[in-house]
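Peer 1: Here is how the chains run, residue by residue.
2 protein chains.
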Amino acid sequence: MNVLTISLDSHSSTPLYEQIYSYIKNEIQDGGLPFRERLPSTRKLADYLQVSRTTVNMAYEQLVSEGYIEAIPHRGYFVCDLEGLVRLSPVSSYENRTESTDETVYDYDFSPHGVDLNSFPHNAWRKLSRDLLMEEDKYLFRLGDPQGEPELRRTIAGYLHQARGVNALPERIIVGAGNDFLLLLLCSMFGGGMKIAMESPTYRKAFDLFCNLSNEVQIVEMDEAGMRVDRLEETGAWLAYVMPSHQYPLGTVMPVKRRMQLLHWAAEKEGRYILEDDYDSEFRYKGKPIPALQGYDRNDRVIYIGTFSKSIAPSIRASYMVLPESLMDLYRRRARNISSTVSRVDQMLIAGFLNQGYYERHLNKMRAVYRGRHDVLLEELKSFREICRVSGENAGVHLLLTFTNGMTEEEAIRRAAGLGVRVYGLSGYYVDTLRTSSVSGHSLPLPSGQCECGMACPSGRNGDTVLLGYANLSEQEIRKAAKRLRRAWLR
Amino acid sequence: MNVLTISLDSHSSTPLYEQIYSYIKNEIQDGGLPFRERLPSTRKLADYLQVSRTTVNMAYEQLVSEGYIEAIPHRGYFVCDLEGLVRLSPVSSYENRTESTDETVYDYDFSPHGVDLNSFPHNAWRKLSRDLLMEEDKYLFRLGDPQGEPELRRTIAGYLHQARGVNALPERIIVGAGNDFLLLLLCSMFGGGMKIAMESPTYRKAFDLFCNLSNEVQIVEMDEAGMRVDRLEETGAWLAYVMPSHQYPLGTVMPVKRRMQLLHWAAEKEGRYILEDDYDSEFRYKGKPIPALQGYDRNDRVIYIGTFSKSIAPSIRASYMVLPESLMDLYRRRARNISSTVSRVDQMLIAGFLNQGYYERHLNKMRAVYRGRHDVLLEELKSFREICRVSGENAGVHLLLTFTNGMTEEEAIRRAAGLGVRVYGLSGYYVDTLRTSSVSGHSLPLPSGQCECGMACPSGRNGDTVLLGYANLSEQEIRKAAKRLRRAWLR
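Those sequence lines, one after another, are chains E and D. If you count the first sequence from 1, you need to add 25 to reach this note's numbering. If you count the second sequence from 1, you need to add 25 to reach this note's numbering.
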């Protein structure tokens with residue numbers, strides 16, 4: 026295996042791990058290491074090169090994160106298919122494409138759905154897992170309550186009350202494997218035919234999912250405070266989907282007055298509900314934290330959804346929905362026979378993680394980490410002032426740049442990609458209701474990418490906009506990436 | 026704590042654990058141990074009583090399984106709310122009611138959805154879990170492929186090919202948190218409006234779920250070979266939902282000829298599909314194993330669903346769906362952006378469980394265990410010959426008794442319950458299409474319990490029928506329970 030011909034320069038200013046990384050990367054790009062080739066184990070390579078195993082690990086991790094190699098547990102590291110990697114293809118901003126292998130290689134990826142995993146509390150997780158499985162408790166392997174383990178629901182209720190001001194009784198909480206599943210469950214409760222009001226741009230997956238399941242989605246105009254409640258009435262919708270803590274993707278934080286208007290709208294007519302998606306409220310950088318909309322609700326009209334995927338790790342498939350009392354009967358009749366989608370072991374793990382104080386510590390750590398990155402990025406962006414303005418920066422883990430010099434979104438993305446930096450276009454998040462929301466048989470419309478709503482949009486349209494997520498880049502990486510963006514955009 | 030006043034008789038023929046169990050059970054029933062009271066730890070009680078910890082564990086486990094106490098990991102054992110337990114309420118056969126606390130106390134429960142957890146391979150599971158988490162692999166905590174980990178999909182493909190004759194390419198497999206979720210995903214792909222043919226009685230959850238999501242369900246008559254394909258044509262359905270390996274709940278095994286007719290029906294017209302739910306094909310007691318219907322399909326018309334919840338443990342929330350090639354494009358366009366519902370750790374755990382031979386060993390063990398219980402139950406049922414006949418006994422983990430002496434289902438259930446034995450009525454599994462399959466707003470029909478299809482049903486109707494599941498009862502328990510049933514029904 027020719028990896029073993031690496032010669033390292035221990036006097037170089039380039040760290041050893043980077044030398045290993047570069048060598049292997051070049052070998053892969055040149056075809057010296059073909060697709061599916063197995064790399065030597067970290068131990069073997071470390072022995073051979075007389076370096077620490079950590080050094081080799083870091084090199085391999087970097088290669089994994091850039092998609093050159095993949096780690097297959099119990100088997101080792103293998104060279105990935107580079108077919109897609111080496112080709113510089115046009116970038117789509119549509120969500121989830123990060124999963125695809127058919128893409129450009131980027132040195133820096135400002136993904137707005139990133140989560141920093143370097144801070145994942147491996148030791149705590151491992152300990153909790155070991156303790157749980159030690160018990161040899163048959164209980165853990167029985168089918169649990171479809172709503173989720175009572176222990177976990179009690180824990181979530183306590184957390185939500187303290188941290189988000191949410192009034193959540195454990196018996197009104199439903200635990201599910203991700204927000205997508207909980208939205209499917211909601212559709213199943215109402216049986217399709219929901220009349221839903223959404224913003225545009227919005228969380229695209231929710232829009233697609235609602236449309237796919239025969240619901241009627243109406244787009245409601247936004248202003249700087251979020252969804253325009255005065256325009257909501259005329260849509261005839263009875264469910265308003267909003268993200269008051271940090272609208273995705275615009276980053277708008279809905280002020281209290283608008284929240285009150287929204288609650289008022291819901292209370293005015295029987296059967297109206299607000300669906301509050303509180304997907305990343307844990308991270309906030311400016312101003313006093315605003316409690317969740319649900320906490321202000323006195324009329325039992327808010328369906329609240331939150332997740333552990335953003336705050337712990339994306340592969341932790343656990344979200345929660347707090348239903349208003351008035352929907353519990355519907356839930357019991359129409360959706361309670363859908364079995365729980367989260368394993369009991371995982372549920373008890375998460376409950377332990379919260380109850381034993383790990384979650385609080387982890388959140389505090391992540392807040393500090395993300396705030397640092399947020400501050401560095403804002404600092405760097407000062408030099409872009411002439412060509413764009415920043416918005417959506419007060420919370421969450423991404424912000425927006427709207428170009429004021431006429432640069433189009435497509436051009437900004439292309440130029441950045443040319444220097445190995447990935448940024449995300451806002452246009453992919455605009456939705457329109459021209460798509461048929463129901464299909465018969467198998468003839469289906471293609472998902473649309475561009476905004477065709479023709480309405481005045483608060484961001485974008487009067488200047489193209491890109492999203493920059495900073496959760497998954499170190500402060501140093503952000504500085505380096507910003508340097509490249511300056512070269513790409515300010516030349 | 027008055028638990029410590031137990032006095033044990035080591036010369037009694039009643040085992041020590043049973044004495045402990047009876048004492049605590051009586052204390053709880055008499056109110057000596059109130060709701061929420063914490064029991065002494067197993068170690069403490071074992072020390073005090075000078076018995077082994079295993080003895081106390083067995084007593085506690087029995088109390089847990091009967092719903093008197095619950096185990097809360099890291100906290101201990103607590104007395105449950107007996108409000109529901111002590112009241113002898115009428116029994117409903119509707120699925121999932123086993124979850125409810127508002128029920129009769131049974132000494133023996135012939136639940137048809139039971140899984141024996143005494144045989145769960147704790148050590149293997151613990152070892153795999155420890156090894157996985159040892160790696161400190163960030164990879165494990167990233168959001169995975171929405172279809173499931175490639176490693177797991179390769180493993181499932183190999184297993185299905187070998188064990189079930191299923192032609193499953195890894196790229197056509199979708200891993201999801203339970204069958205219910207996979208059915209929701211399918212509805213999302215087709216966007217409601219599916220025209221589905223189902224049998225009656227059938228798997229009730231699937232029927233409810235399809236109806237809830239605005240699909241049109243048609244009931245097709247059955248005979249002793251399963252769904253009558255000659256009646257399928259006239260329904261106008263383009264998706265036939267069947268369980269050829271072991272129809273639930275009737276236990277019918279569809280003969281090869283009928284399978285061929287079904288495949289022929291599907292091949293005849295563009296856009297027709299068969300949904301094969303192979304939920305418990307692992308267990309079969311008579312005749313040669315018949316490969317899955319999917320394996321015979323030469324026209325790319327079968328959607329195949331299977332699960333690890335029955336074969337490993339119910340709390341393992343992992344099922345898989347094999348899509349025909351012709352539906353992959355639809356999947357990618359309409360459902361691939363729904364994130365995976367199974368955590369990466371769990372997926373790699375299951376992959377390891379299969380790859381390292383544990384699954385095969387476990388299945389062989391379970392086959393032997395279930396076959397033993399199956400044989401004992403059949404032997405015991407010989408003495409019931411005058412009042413009922415047995416059917417559906419060749420596969421799976423439940424069978425049916427149809428009364429030939431005029432006893433009604435309701436009476437059989439009531440009489441059995443009177444002696445502490447729970448059996449399940451067949452009538453709850455009959456479905457009818459009079460229920461509106463779509464609802465607007467919040468006015469919903471109640472789920473119906475009784476068969477109103479008016480068709481000739483192959484089982485039941487000409488004699489009421491009950492289901493007896495034997496997965497969760499030991500051979501000795503089956504013998505004891507059968508004795509009680511004799512007293513209940515033959516008196």
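Derived by calculation from the structure, the hints in this document are not laboratory data. Hints should not be assumed to be uniformly reliable.
Claimed, not checked - Here are some of the chain E residues that sit facing chain D, going by a computed Cβ distance under 8 Å:
| hint | residue |
| --- | --- |
| 1 | S144 |
| 2 | P146 |
| 3 | A149 |
| 4 | Y304 |
Unchecked claim - Derived list of chain E stretches under chain D, where covered just means 3 residues or more per stretch with a C-beta under 8 Å from a C-beta of chain D:
| hint | stretch |
| --- | --- |
| 5 | 93 to 105 |
| 6 | 362 to 368 |
| 7 | 428 to 437 |
Glycine residues also receive a C-beta, built at the ideal position from the N, C-alpha and C atoms.
Peer 1: For every hint, state whether the structure bears it out.
Peer 2: Now the hints, each set against the structure:
no. : hint       : verdict
1   : S144       : violated (10 Å)
2   : P146       : violated (10 Å)
3   : A149       : violated (11 Å)
4   : Y304       : violated (12 Å)
5   : 93 to 105  : holds (count 5)
6   : 362 to 368 : holds (count 7)
7   : 428 to 437 : violated (count 0)
Comparing the model with each numbered hint stated earlier shows that hints 1, 2, 3, 4, 7 do not hold.
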